[in-house]
Amino acid sequence: MAAANAIDGAFVAAERGLDAAFGARANPLRNLGTLAFFLFWVLAATGIYLFITFDTSVEGAYASIEALTTKQWWLGGVVRSVHRYAADAFVAATLLHLVREWAAGRYRRFRAFSWISGVPLLWLMYASGIVGYWLVWDARAQISALATAQWLDATGLTAEPMARNFVGAESVGDRLFSLFAFLHIGLPLALLGGMWIHVQRIGQPRTVAPRALASAALAMLLVAALLHPATSQAPWDPLQLPATIELDWFLLFMHPLMEATSPAVLWALTGGATLLLVALPALLPGPKPVAAVVDPANCNGCARCTVDCPYQAVLLVPAPGVRTGRQVEVIADRCAACGLCAGACPSSTPFRSTETLAAGIDMPDADVQRQRVKLEAALARIAQATAGRIIVFACAEAANAAALEDARTALLDMRCIGMLPPSFIEYALRAGADGALLVACREGECRYRIGAELTAQRLAGERQPILRKSVPRERLRMVALAAGEEDDLVAARDALRRALDALGPAPRLRPKRDASAERTARGHA
Amino acid sequence: MAALRILAQLLLYLPLMALIGVFSTWPRLAVIAPDQALVRISLIHAAQRKQECRTRSAEELAKLPPNMRAALDCPRERAPLTVELEIDGRVVLSRTVSPAGFRRDGAASLYYRLPVAAGRHRIVARLRDRADGPFNYRREATLELAPGGALLIDFLAAKGGFDFRSS
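Heads up: the protein sequence lines correspond to chains H and P, in order.
For the first sequence, our numbering gives the first residue as -8, with consecutive numbering after it.
For the second sequence, our numbering gives the first residue as 67, with consecutive numbering after it.
Everything labelled a hint here was simulated from the structure, so no lab data went into it.
In this text, all values refer to a predicted model and were calculated from it rather than measured experimentally.
Each hint can be trusted.
Label pairs and their calculated CB-CB ranges:
{"#": "1", "chain 1": "P", "residue 1": "SER123", "chain 2": "H", "residue 2": "GLU250", "range": "54 to 62 Å"}
{"#": "2", "chain 1": "P", "residue 1": "ARG161", "chain 2": "H", "residue 2": "ALA234", "range": "24 to 32 Å"}
{"#": "3", "chain 1": "P", "residue 1": "LEU77", "chain 2": "H", "residue 2": "ALA374", "range": "47 to 55 Å"}
{"#": "4", "chain 1": "H", "residue 1": "ASP286", "chain 2": "P", "residue 2": "LEU76", "range": "52 to 60 Å"}
{"#": "5", "chain 1": "P", "residue 1": "VAL182", "chain 2": "H", "residue 2": "LEU143", "range": "24 to 32 Å"}
{"#": "6", "chain 1": "H", "residue 1": "ARG166", "chain 2": "P", "residue 2": "ALA224", "range": "21 to 29 Å"}
{"#": "7", "chain 1": "P", "residue 1": "ALA224", "chain 2": "H", "residue 2": "ILE176", "range": "36 to 44 Å"}
{"#": "8", "chain 1": "P", "residue 1": "ALA224", "chain 2": "H", "residue 2": "ALA273", "range": "53 to 61 Å"}
{"#": "9", "chain 1": "H", "residue 1": "VAL199", "chain 2": "P", "residue 2": "LEU76", "range": "19 to 27 Å"}
{"#": "10", "chain 1": "H", "residue 1": "THR61", "chain 2": "P", "residue 2": "GLY226", "range": "43 to 51 Å"}
{"#": "11", "chain 1": "P", "residue 1": "GLN114", "chain 2": "H", "residue 2": "ALA273", "range": "47 to 55 Å"}
Sample of chain P residues facing chain H (criterion: CB under 8 Å; computed from the structure):
{"#": "12", "residue": "ARG71"}
{"#": "13", "residue": "ALA74"}
{"#": "14", "residue": "LEU82"}
{"#": "15", "residue": "PHE89"}
{"#": "16", "residue": "ARG94"}
{"#": "17", "residue": "ILE98"}
{"#": "18", "residue": "SER108"}
{"#": "19", "residue": "SER175"}
{"#": "20", "residue": "ARG231"}
{"#": "21", "residue": "SER232"}
Covered stretches of chain P, going by a simulated chain H footprint (3 or more residues, C-beta under 8 Å):
{"#": "22", "stretch": "161 to 174"}
{"#": "23", "stretch": "202 to 216"}
Each residue gets a CB set at the ideal place from its N, CA and C atoms; glycine is no exception.
Construct the entire structure; sequences and hints are all you get.
Right, dumping it as C-alpha cells:
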C-alpha cells in the first residue's frame, strides 16, 4: 500500500503540474482512458486506409507496404507511421491508466467490474498489435511470429508445432495471410467490444476526447510520423537471419523476455499477472460503503438519480403493484455511497413542510433530515452576527474547510459536493446566511468522478434539480480546491465576505418551510 | 496567455513524442551474433506402431459383431520418436518425443533451434521411429553456414528421410 500511495502522490503531483499548461480537461494524464479511446479510433481510421492498399498474399504483402512507404510517403507512409505510433501510444496510455487506477485504489467494490473487465483488454491489445506486425512480413514479423508460435506451442495444446508454419518458405501460404488479416481486424473489434463493456458500470463515461486533447495527440502522432517514419526490416527469409532488428518495445517486449528466459517463464509471468489483476478486488476489498436506500413512498420515478449516479448503481424498475409506475432500485454492490443520487432527488429539499424529512433516495447515515438539522444548527451558530454570514458547503475530500469556521462562518460538510441539493443553498440564504461558499474537489480530482461537475451544472440551471433563478448568484461562490490548498480557501472566503459586506444582509424572502415545496417534491419532478 | 499555454503544451508533448518514437525501434534486438548461424530442426512424423498387427483367429472373429470382423488387430499406439543431432562429432541434441493424442496414436513433433558458429560443419541427423533397434534414418552432410544463415532440418518420410535446407 505504501508503494500505491507513493505512486498516487507522484501522479497527483504530475497531474497538477500539467494542469498549468493543459487545463484539467485537456490534461493527458487526467484523461488516460479517454485518450486510449481516441487512439483506438485513430488506429481504426488509419488501419482502414492501410487495409485498402494492403496485398494479402505472401508475395505481395511486403511489396505493397514498401510501395506505400516509399512511393506514397506523403500519405501512405504518414498513415502507416501514425498507425504505428498510435498503437504504441495506445499501449502506453492503457498501461498508465491501469497503474493510475490501481494507485488511486479505483479497483475495488463499486469499481471492481470496470477493473476486472479491463484485464482481458490487455490481452486483446497485445494480440492485436503483435499480429499487426506480422502483416508486414519482414524479418521482424518472422522473429515475432516464430516466437509467438513457440510460446503457444509450449502449452502442449497445439496438435502440431505452430512454429513449423514459420520456418520454411513452403509452409507459408496466402491463406495464412488471410488469417493474419482476419485476426488483425477481428481482435481489435473484440477489443472495442471489451472497451464498451469496460465502461458499462460508469455513469456518463468520458469516451470522447475533448477537442484540445484530441488535436494535440493527433499533432504529436503526425510530427512523430514525419520526423521518424515507420519502416520495414529486410524481407522475410526463413534461411537468412538479420544480426539485429528494430523492435517495438511497447508491443513486442515479450519476445526478448521469452528468449532470455523460457516460454514457461513467460506463461507464468503473463498468467500470474492476469490472475493477480483479476483477484485484486477480492484480495484488497477495502471498507464496504453504506449504500443509498430508496423510500418508495417518496419516490416518483423521475429517474434523475439513475442518470446522475456515477457508477450505474441506481436502476429504474417497475413499481410493484402499479401498472404504469416506476421506482428506483439501488444495487448495493455498485453503490459508492457518494450521495449524488440524494443531491439529484427532487424530494430532497429542506423546504418541505413535513416535520421529519424523507427523500425518495437517500444516504442512511447522512439523510436529508439530518442535513437539515445540521444546517439549521449551523445557521443558528452564526445568527448573532449582523452581516457577512457565510454558510460553507464543503466536500470532505476537498481542501479542509474546518479552519474557516468563525463567528460569521458556519460549515456543513458532506462526502461529495454533488450530494448537495441546490435547494439547501436557497434555504440557507433565506434562513440567516448572507452568502454561501461551495467547496468542491480540484477539477479532475472528484473522488466520485462527476460530483463537482453536476453541482456546477445544477447551479447554472443546466441540470435538474436547478438552483432557482431567484437565488442571488452574487451571494454565491463555488471553488475547487484540493487538500493542501487551504490558504486559497481562506482567501476565497474572505473575497466572498468582502462582496457580501458591500451587498449588505440578504433579504428574508419567505417563511423557511413551504407547503408548495411539499407538493413539488411529491408530484412535479 | 493562450499562446504561452500552447507553447508549454508543445514542450510537454515533445518528450512524450520522443519517448514513443524512440522505443518503437530502439534499442535494436540482437537476433543472432554476427559470427553465428542457426540450425533448426522442425519435424512432424507419425512413427511406426508400437506393436505389430496380429491376425485374428476364426474363433475371435466369430465372437465379434459381423460389421467389426477385421482380419487384423492393430493396436493404435505408436512408438516414440527419437531424434539425434550431431555437429562436428559432438551430439548436441538427443531427444525422445511422444506421439500426440490420448491414445498416443498421432504424429510426434519436434522444434529445436541451436545457434552455431558460422563456417564449415559436418552435420549428422538420426531418427528412430520404431519401438526397438538402432536409428533407422540417417543423413549426413558437410555444409558451409554463412553468418546469419539458417539450416533447416526437416523430415519427410515420403521423400526418404531427412531434408537439409540452407541459404
